[in-house]
Each structure stands twice: as structure tokens, then as C-alpha cells.
Amino acid sequence: MGRVEHRVQRTEYREQSTERARIVPVFSFVITFLLFAVCCLPLAHAAEVVSSREMIENSKELDGKTVLYRGELISGVFNRGDYSWANLHDGYAAIGVWCRTSQLADVKFAGDYKNTGDTIEVEGVFNRACALHRGELDIHAFRASVVERGFVREKKTDKKRAKFSVIVFAVLLVIIMVFRNRL
Amino acid sequence: MILRPELEDYKIVGYYLGKVTIGIGLCMLIPLAIARFYAESQPMIYFLLGISLTLLIGFSLAVVCHTKSDLETRHAMAVSALSWLMAMFVSAVPLYLSGHFGSYLDACFEAMSGYATTGLSLAQDLDHMAKSINFWRHLMMFLGGQGIVVIALTFLFRGTAGAFRMYAGEARDEKILPNVVQTSRFIWMVSIIYLVIGSTALFASAMVGGLKPINAIFDSVCIFIAAFDTGGFTPHSQNILFYHNFSFEMITIVLMVLGAMNFALHYALWSGNRKELLKNIEIVTLSITVTATLSIAAWGLVENGVYAGLFPFFSKTFYQLISAHTGTGYSTIYPRQFTNEWGPLSMLGIMIAMAIGGSVCSTTGGIKLLRVGVIYKALRQDIKRMLLPETAVLMQKVHHIKNIILNDRHVRSAALILLSYSVLYLIGTIVGMLHGFSLSEASFESISASANVGLSCGITSPFMPTVMKFVYIFQMWAGRLEFMAIFVLAGMILSTIKGRR
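Chains as they are written, first to last, in this note's numbering: chain A, 1 to 183; chain B, 1 to 501.
Treat the hints as calculated values from the structure; they're not laboratory data.
The hints are all genuine.
Simulated pairs of lysine-lysine, DSBU-like, Cα-Cα distance not exceeding 35 Å:
| no. | chain 1 | residue 1 | chain 2 | residue 2 |
| --- | --- | --- | --- | --- |
| 1 | B | Lys212 | A | Lys156 |
| 2 | A | Lys108 | A | Lys159 |
| 3 | A | Lys114 | A | Lys159 |
| 4 | B | Lys275 | B | Lys402 |
| 5 | B | Lys11 | B | Lys469 |
| 6 | B | Lys469 | A | Lys163 |
| 7 | A | Lys155 | B | Lys212 |
| 8 | A | Lys155 | A | Lys108 |
| 9 | A | Lys160 | A | Lys114 |
| 10 | A | Lys114 | A | Lys156 |
| 11 | B | Lys212 | A | Lys159 |
| 12 | B | Lys11 | B | Lys498 |
| 13 | A | Lys114 | B | Lys469 |
| 14 | B | Lys384 | B | Lys402 |
| 15 | A | Lys65 | A | Lys108 |
| 16 | B | Lys68 | B | Lys498 |
| 17 | B | Lys279 | B | Lys402 |
| 18 | B | Lys469 | A | Lys160 |
| 19 | B | Lys212 | A | Lys114 |
| 20 | A | Lys65 | B | Lys212 |
| 21 | B | Lys275 | B | Lys384 |
| 22 | B | Lys279 | B | Lys397 |
| 23 | A | Lys108 | B | Lys212 |
| 24 | B | Lys397 | B | Lys377 |
| 25 | A | Lys163 | A | Lys114 |
| 26 | B | Lys68 | B | Lys11 |
| 27 | A | Lys60 | B | Lys469 |
| 28 | A | Lys159 | B | Lys469 |
| 29 | B | Lys402 | B | Lys377 |
| 30 | A | Lys163 | B | Lys11 |
| 31 | B | Lys377 | B | Lys275 |
| 32 | B | Lys498 | B | Lys469 |
| 33 | B | Lys275 | B | Lys397 |
| 34 | A | Lys156 | A | Lys108 |
| 35 | A | Lys156 | B | Lys469 |
| 36 | B | Lys279 | B | Lys377 |
| 37 | B | Lys469 | A | Lys155 |
| 38 | A | Lys155 | A | Lys114 |
| 39 | B | Lys397 | B | Lys384 |
Required output: the full structure, derived from the provided sequences and hints.
Following this line, the structure appears as C-alpha cells:
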């Protein structure tokens, strides 16, 4: 009785193994395909960087499309809780980018008189008149990363102009002193 | 026969021009202090040089043209007109030295735009501009909004009859208080009280919006100045869009409307006369023209299907319209969006609002609400006269602080200014079209410059033709002074050439 049961179990085990052997390659093919598709998806949607000029001039054509945009962070990140605003300037105009605050955690420099801001690359949906933000032209980014670190701008003192201003100031003082009665 | 001016006439003009120039030089001490505060060493040198040159010119004029004679109307008008040109030339020095302007002409354009409270800008790389230079741009709006001569009246002159003539030369012909110096001081007091309240409100909103405190303070003061003085400069290249902040926009709307109100109306309200708000011809006209121009702009936007939801639609349309009507020029859209998305009909609505402008004796430009109201009333009176028997006596009243019986002198004055502005708008439009811009674009920019608004559809840029820069500078200057001072100056120059002794 015991041997018969054992044979039956072995036969079932063999059948299951054959079934597994058939499923595994199919399953691995599906997984590989899906992984490949996920990796290629962003490339298929936005391969080229779109400039602010193109977005402003061709806003109707680009409305609702996924764009790749790159620009210098101006002034700072405006934290609004889970999400933040970042104004990115690409040399023509600055565009407002709405993204998760965590995506901008790596930011160190914001552009102003003393600093050149970090260059940030974002990928997201371009809105000609965003319904969420009262009709603003903006990008809702699902990816943002610092691609070039900003730096402190060096300011050299203009000695020539400094000397000239001292001379003019001295002449002015002389005039005031000499002609103070006529003023 | 035209009489050639005497040497004494030139001396009077030169002496008072010198005094106003000294005043401008002293005002440059404020951005110098700001440069020191923010440790901006390079701009400090630019301001030192600017102050020294300005004071040198001012003192030299005062010394060379020293006189004790008082101003007559023609002198006062000439001084007013020349003061604005002098202010432009000397104030452009630190701007040009900052390296943010392609040429000295561009810096002069910026200075005139600031003083005339226009807001059209030729600044390059504005987002990296030093805070002191940026503040100087805004301070020029404050000085120009108050009136350069008003400043000089407050601090440098005694309350002479000539002083009032200079005050009138700056397109301010209302005496709110019996004495012109008291009037100037009242204007300053109102402005400073609003400065404190407005800047605090903007600061709170900016902080909630995520700005750093140091930036929030600076931006709120700058934005207040440019909103209340209906100027339109902003510290950033994105204009008001930079802040992505609804409450910030709402506060600027309130400030723009306050800035577009007549200082006499401010005085009436401050004195407890709140009923004036409902009866005043300027406020009534404003309500009608805002409704009409808003409807035109909205119609165009609906036709083009620009905004999907009601809230974005109303928010964008109302903001641009109020900004245009008050002559401020703040914007929550990119300049090119006017041409690319809004279309000619919506732009027409904005253009009409810009052309009309705000109240007289305020910081706005344009034809002004009082004149539009007066011309409408005169037209109604004439139609009534034709319908009634010839023996009927008609009397038309206008309520502006007090009841005024409308007479031909009022109508003539309003019609002349309307005609002058129409010609000025036309000149810029023709020049724009000669340079290849469409009618809607050329007229939009021309009206914006002449009415001292500052909204742009993208024409104004450092790369625009030089001729257009000169034309827009002239339009801003003539529009701000409301022509009379410039006509008198032109007359003086003409009489110097062709006049008889």
C-alpha cells in the first residue's frame, strides 16, 4: 500500500516539475519585457530637452505632453508642504515647476547676485493653463534631479571706477566749500 | 510774435533744475545704504560714482545759475519737463555700470520707465541683479510716482507760488490742502502709511508662500512700491508669476486700485467722508469701464478657449485687466501669451483699459477717468440739448469731491488731453508697424508706454530697434507729464531760436 502511494506521489511530482519547467521561461520573458518597457518608457516620451521659448511660443501644441526641461534654479525652492515650486531659468525665461519636495532635497545653490544656482533637469507634464494652479503655464514634474552644481560668483572690485568716483567726490566737495554762499 | 527769453529766464530754469538734481543725488544714498547692508561692494562704487556725478551737476547748475527770482509758469513747466530728463540721465549711471544693460540708452530707458512708473524693462539677467541696483529701480518708481518735483517741494523748497506751478507741471493740478507743500506732505504721509501696511501684508503672504525671510522682506517692499505707485517693476524676470501665490496676487490688486485712486479721494476717505466713494465720478467711471473692458477681454478669451475652468479664467482675466486699468503693468502671464493665446479681441479690451488709466492726481498714466467721465457727461448734455426746446437751460453737474457745474473750459481741457494722448498712441503704433510688428502688437506696446502701464506683448526687449527705444522713452516722458510741460519747453526752445528781443 505504502509503495503504491509513493509511486503515485512521484508521478504527481514529475508532472508538477514538467509544468514548472514550462511556466518559468514564459514568466521570465514577461518579467524581462516589462522591465525593458519600464526602462524605455521615459525615453519614448521625452528624449529631447524643450526650451522655455518653445513652451511659451508653442504652448498649444505642447499642452498636456511630457517634456524634459533644464534650467538654473532661481531664488530658492518655495516649500508648500509635500510639494514645492521651483522656478527654473534656461536663459530665455523662467518656468515654474511643481514637484514633490523630496525631489529637490539635493538642491544647494539658488541663483541670485552672489550665486549661480544649481541646474536642475525635470521631466513632467507641461500645462499651458494649469487647472490646479489658476491657469498658470507650468510643468508638473514626476522626476527632478540636479545635473550641474551651482557655485558662488566671484566679484572683483573695479579699482578704476573706485578711483574715478573718489576724484569726482573730491571735486564736488571743493565746489561745495568754495561756493557754499551761492547755494 | 514770440519773445526770446532773457538770460535771467535761463538762470531761473537752471537754478531750480540744479536743486531738483541735488535732490535726486541725495535719494541715491538710500540704495548706497542697501548695498552696504547686503555687502555688495561693487554696486557701492557704482552708487558713489552716481551720487558724486549727480551732485556735481546739481551744485554746478545751482552755482552757475544762482538767482533769487521766483518761478513763473513757463519756467516752472520747463523745469518740470527738464527735471525728468535730467533724472533719467543721472539715474541711469549706476544702472549702466551694473552691467545688466546692453547700452547706456537701455539704462536710460529703464530709468525713464521707472520714473514714469511705466514698468517696461530692458534689464538683462534680472534674476542675478544686485539687490541695491534692483532696489534703485523700484525706488525710482516711488520717486516718480510721488513726483520728482513733489519730493523737491517737500524737502528743498519753500511754499512759494512758483512751487505750485512746478507741481502743476508734473500733471498734478489739484490742491488737496490749501498749501502746496502741505499737499505734498499729505501725499507722502498716505504713501508711507500704506507702505507699512502693504509691505507687512505682502511679507506675510510671501512667507506663507515659501520665500526665505530675507528675500520676503526685500521683495515685499519692492512689490509694494511698484504696485502702489502703479509702476510694474518686479525684482524677478517672471513678474508676479514668480511667486505662484494667490493671496500675494490679491494683495497686489488692492494696492494697485489704491494707487490708482485720486489723492483727493484718499483725503476724503481719511477725513471720514465714505459716501464720496459711491458718488465720485472717477469711481463711477472706473466701475463702468472695468465692466466693459473686462467683458471685451473675456469675450476674446472665450472665443479662443484659452482657459478651461471658471476660476483660472476669472483669475487671469481680472488680474491682467486691473493691472492694465490702473496703469501698473503687473502680469501673471508671459508677455508672448497675449499675442499667442489671448488674441486681438482680448488685447483690445486690455488696450482700452490701459488707454483710459486711473484717476487724476494719482500715480497712474493715461487719459484718466475724470476726463472720460467729463467727456461722456458733455456728450450727454449736447444730445439732451438737441432734444429739448431751444429756450431750455441745461446744467450738467459732475461730482468730484464736491459738485462742479460742467462748463466749456472743463470739456475743452479734457478733450485736448484726450486728443494729445490719441496722437501719442498713434505715433508709437505707426513706428511699431514700420518695424514690422502687427497692428495689435504695435498699438498694445505703444499704449502701454504712453499710458505708463508696462504690460508688454513681447516687443520690448534689449534687442528691439534703437528707434523704438527712443520713441518709447519720449512716450513715457510725455505721457507722464501730460504734455503741457513739454509743450512749454518746446515753446521756450523755439522762442530761443526764432524769438525776437
